[in-house]
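**Student:** Single-letter residue listing:
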Amino acid sequence: MSDTAHADAHDRHDHRPTGWRRWVYSTNHKDIGTMYIVMAMIGAIVGTATSVAIRLELHEPGIQFISDFQFYNVLVTAHGFIMVFFVVMPALIAGFGNWFIPLMIGAPDMAFPRMNNISFWLLAAALVMLVIAGLIDGGPGTGWTVYPPLSNADYHPGMAVDFGILSLHLAGASSILGAINFITTIVNMRAPGMTFHRMPLFVWAEFVTAVLLLLAIPVLAGALTMLLTDRNFGTTFFSPAGGGDPLLWQHLFWFFGHPEVYIIIIPAFGVISQIVSTFAKKPVFGYLGMAYAMAAIGVVGFVVWAHHMYTVGFNVETRAYFTLATMVIAVPTGVKVFSWLATMWGGSIKFDTPMLYAMGFIFLFVVGGVTGVTLANAGSDIAFHDTYFVVAHFHYVLSVAAIFAMYGGFYYWIGKMSGKQYPEGLGRLQFWVSFVGVNILFFPQHFAGMAGMPRRIPDFPDAYAGWNMISSWGAYITVVGAILFFVVLWKTLKSENAAEANPWGVGADTLEWTVESPAPFHTHEQTPSISTQPAE
Amino acid sequence: MTKQPDKIKRRTTVTREPKTRNGVTAVILFGLVAGMTGLAFASDPLYRIFCKVTGYGGTTQVAEAPAKSKIVDQMVTVRFDANVNKLLPWQFKPVQNTIKVRLGEQAIAFYEATNVSDKPIVGTATFNVAPFKAGEYFNKIECFCFTEQVLKPGQMVQMPVTFYVDQSIIKDRNTVDVKSITLSYTFFASDDQSEAEKLQTTQFITDEKDTIISREVVPKG
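First to last, the sequence lines map onto chains A and W. Adding 617 to a residue's 1-based position in the first sequence gives its number in our numbering. Residue -17 in our numbering sits at position 3 of the second sequence, with consecutive numbering throughout.
Chain W with its partners taken away, still in its complex shape (with noise of 0.2 Å):
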């Protein structure tokens, strides 16, 4: 046992410092939480520029019409997939089952949509492609689901598009026995429902029966 003086004497002189090291100590360790917190919050668009960029989880790619050069003999065959989300009351399906294309070379392909409610709505497409791998190889030039559409009641629309297979898919060892490619299309009824609202207003003015041709394309974003 040390005596009572020096005891006294120790503790002003320990604990004052010691107070604010564990301060800073504390600081520090806040600061490693909040810039965890703000990882995980850009996680989100990290993850979405990582998928576009790679293909990863069959994301496709969007690209110009490809070079008439770059075709080459090889076949590969695009099968075609469409889903409606159950919140969504269209229906919704690919008008021809299967494509068969030359590497490189353009092709297009129709959906078909039909909105059987009574009121119209605005659908939004998310995509991707299976094998998830091809979707680094799988270009779209101009999609439906590029944009977000409008459909009156009981409108039908035929929706094209058109895309091609790198060619360069047959030149990844990981990709080089896909020999199809199946593109599917899930139909959301969409966020953003103004441009629907809007229509309802004014459908008494125009004629219900303006089918098929009329369509309401609205840029998504």
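Just chain A, with the same shape it has in the complex (with noise of 0.2 Å):
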């Protein structure tokens, strides 16, 4: 054996795999990560398809088509569920996780090939479990939040609660085992050179996302088996006919919840701070600010949570607490926001559609962290408490911002990961129709909740129908936007316009861009040597 074995090995190395076997069998980061990303794509058509009959039926006042309420509750909880377990998290966190944290680190792979090819097929596995939930005994009408006792056997008897638990359970165990993957890989993996405050901030949110995701969904987990139990075996952890306090679930619950908005958003900044530095030509203005504000928004996330239960009846200390350590949130993500601007600030400004993404996520997410100052206060959340202006202000920040950012990292990397260059006219008019669209989309709806209109209600009074059509005008505008983006996906696809390893110029100094494009199946065999500063 010895070396001659070895050698003939390693020259095999580069077959890969092909037909139906690349794709189950893949233990290969770009394969694994193009899954995710395919798989979110998807995860969006249902996800839109449902936030679209919600807007159909909230169009006029009275009841359009959906007579059922129980469905329309469905509706709801399905939108909530597929958006951030089944969009977001796969495109952002594991589509570009996966491809990009060993391109920009100058590992071969994932730490774990196989535990990554674990963990993808365990989300697929929970994606059916949802959909089997949607499908019987009336689905779950429980909302994201799944509170109980709406969520338990008195008022959900069937099983689709108990499909949708056990949906949540496996997409946990699937991103436990990414966040596992991504930290090892980033802690173990790095080339020669590239130190922790070297890494691009994309690494950097990945890396904070991954802990987050550790702390956070073992929370969720317990909760869900408590519930389940609950449900199912005759324990009382959230019922008070057996001395259990169905409170104690809403602040599990938020433990968990509160680190999770953080953990769809952070990756996002990551996208984000690469886009503007490299359409800025210009390092990211205060590198190691930008990377150890991601860390203490991680931190402050965790011991926030209750200010999304204002209105159960805490005491006056504990109400002025949580406003104010949610308000020393807005410290860390006003550095960020202001770095992102001194960034551009004197930059040689490209504006590509990547760049159009980043600066339009810039605005929305501002326009949501306002709102999310005054939501922080308990006085006035509390009349704020399950209106519209809560739905407003969330999906500007973590749902629109968190879209945009994904269609920005979409533009940005299709070139390394399809090895074609997207139509630049199309994907500026894409961007475009998706601003007006999402403004319109969600700007009234602050007004409206601030005038009283009910979150999770499928009627309501007169006094809101204007807003209301204006708001659904605007979701239909927004779906022509994305549309648009499949057809951008398909021309791109199609087209004969080659990417070049680097097509945006001096400012992309990430490795990715070193390899050529589409990137090989196998890249950074040869350790790259990081010897200048590149991520800033």
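If you're looking for bench data, these hints aren't it; they were derived computationally from the structure. Computed from a predicted model, the values in this text were never measured in an experiment. One should not assume that every hint holds.
Unchecked claim - Across the chosen pairs, the derived CB separations fall in these ranges: (1) W:R153 to A:G963: 51 to 61 Å; (2) A:R731 to W:S174: 43 to 53 Å; (3) A:V929 to W:R153: 19 to 29 Å; (4) W:I88 to A:L845: 40 to 50 Å; (5) A:R1045 to W:I8: 43 to 53 Å.
To be verified - With the C-beta cut set under 10 Å, the calculated list includes, among others, these residues of chain A facing chain W: (6) M806; (7) G851; (8) G861.
Quick reminder that beta carbons are idealized off the backbone N, C-alpha and C, glycines included.
Reconstruct the complex from the two isolated chains, following the hints.
**Tutor:** Below, the structure written as structure tokens:
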């Protein structure tokens, strides 16, 4: 054996599996990343369909076509679950993360390639479970927060909620395995010279996100298990009949749920930092501040959960603390927004589609951030609780902003991923349609919410008719933008417009641009050496 | 490009060691996950202890009879509220709607429960006070909610609760504005119906009309 055999084996290393085996058995970080992105696109189609059904129902006062209100609740629930767990997380965390963490830190693949495969297929199984949940026993109409008593066996006696819980268990296991993989890769497999303080901000973002996942998801899993045993095996964790307390669920859920919103948005921060730096042709302003701002957001994100539940009757000190702690988050977030603007300031900015999306992201995120500070106040939140003001707020920050980061990341990296460059004109048109659409969709919801329009109700008084109709039209425009995106995708993949290794020029100085486009099946087999400061 | 022999050499030296390093990292991270899962489950008992100790969420305190010397002249109105879970076929109401007591003074109030079904049922009551911030100062000495109640078909019972409101409620700047406290109970069908089943089997021997006085009291837990 020995050297010759070893060399032979190495020669065959470039052999790539073909057909269905390439995907189903995949241990290649790029293929798995691609599968996550495709899954997110499928999820996005379903998630968008549910939201359009909601907006069609809310287009006018009265009941349009959803006369079964449980079905309306199921739509709201499905929209939330799918968008969070099967669109944003697979695309931003797992999709771009799998593709670009190894490429950016100079590693040949993830630390545990087989575990990577399991992560993906667990998520696929979770999606199947969620679909089953929606189709049996009337579906889970609990909202994504799954509060008992609504989610207990008295009000949801069928198996729908149980399937929903198992779906989240699988999705959680998938995320935990993925997070362990990411952290191990980033900690142990950086190329020589790629110190933590030289890592691209996208890798920093994924690292912070993975740590948050590791700390938050087990709490959700524990709470879901308690709910499952409450529903099926007679325990009373959340049932007062046996000495439990439904509020305990809210505490546990939001202990997971608040970090979860940062889990969604921090990878978006990473993507935006790469894009802004590339297109301003400048290193990111305040690189270390940007990295530690994300870490700070992650840490503080664990001690603010009760601002989601101001109305449960906390005493005044508790509310004061959670108000203060929540507002503290505006500081590192402000550091990030400031640094993005400072990066653009004096830069030689090229307004290509990814940059338009990055600037759109910053705008949307700031609007959502401002309403976030409004809602952080326990006093005003008690008035705004469960109104469309809250809906507008969180859609600005973590739905539309996250989607814009996904769009931006797609345009930024599609050349590297597919080897084809997207059509620039169509891309810009797609941006503007989407940007106009989402603002018409969500901005009026602030006004409806301040006037008292409640969440999760399929009907509303005539007083709210105007803003709701405008909002619905915005939704239809946004859908046109989404369809345009698939047109862009189709044209890109069919085009002859081969992408260069680095289509963006001097601003794009991270390692993924040093490999050819499309990125070969195996990259960085020769460990690159980092001698200069790359990321900034 | 480095030469081929170099490459092989580097592969053998580099790959072994990181593999164990990756393993160690993964074990630590899995430990973290296990720890957080454990914490999630530990939160249930911890939460109960927290509520009991702090009176959080309007959890009332359990106490011995207060010292006579601690009574002050300030009055507080205590209102009584009664609810029944929809799965329990009982009627449940306070005998008196309000009581005015001096702070620190022991008082007694009665609730009345009737089993309107045709079978014996074990019920258990949960309780709190509103405003929640008064929970810390609301002390129960004796309460029907400390035990489970068994009611025969058609049986009606009056159940006492003895309590006092700690006079230090006026020393706390958060609660100094509290002029009335609502004590609220909700009756649920107990998960453990074995006492009711015992009654059901012996029911034909006893006279069904022995209402009011005879009341089965089963310690909770």
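**Student:** Confirm or reject each hint.
**Tutor:** Against the structure, the hints:
{"no.": "1", "hint": "W:R153 to A:G963: 51 to 61 Å", "result": "holds, 54 Å"}
{"no.": "2", "hint": "A:R731 to W:S174: 43 to 53 Å", "result": "holds, 51 Å"}
{"no.": "3", "hint": "A:V929 to W:R153: 19 to 29 Å", "result": "holds, 22 Å"}
{"no.": "4", "hint": "W:I88 to A:L845: 40 to 50 Å", "result": "holds, 43 Å"}
{"no.": "5", "hint": "A:R1045 to W:I8: 43 to 53 Å", "result": "holds, 46 Å"}
{"no.": "6", "hint": "M806", "result": "holds, 7 Å"}
{"no.": "7", "hint": "G851", "result": "holds, 6 Å"}
{"no.": "8", "hint": "G861", "result": "holds, 8 Å"}
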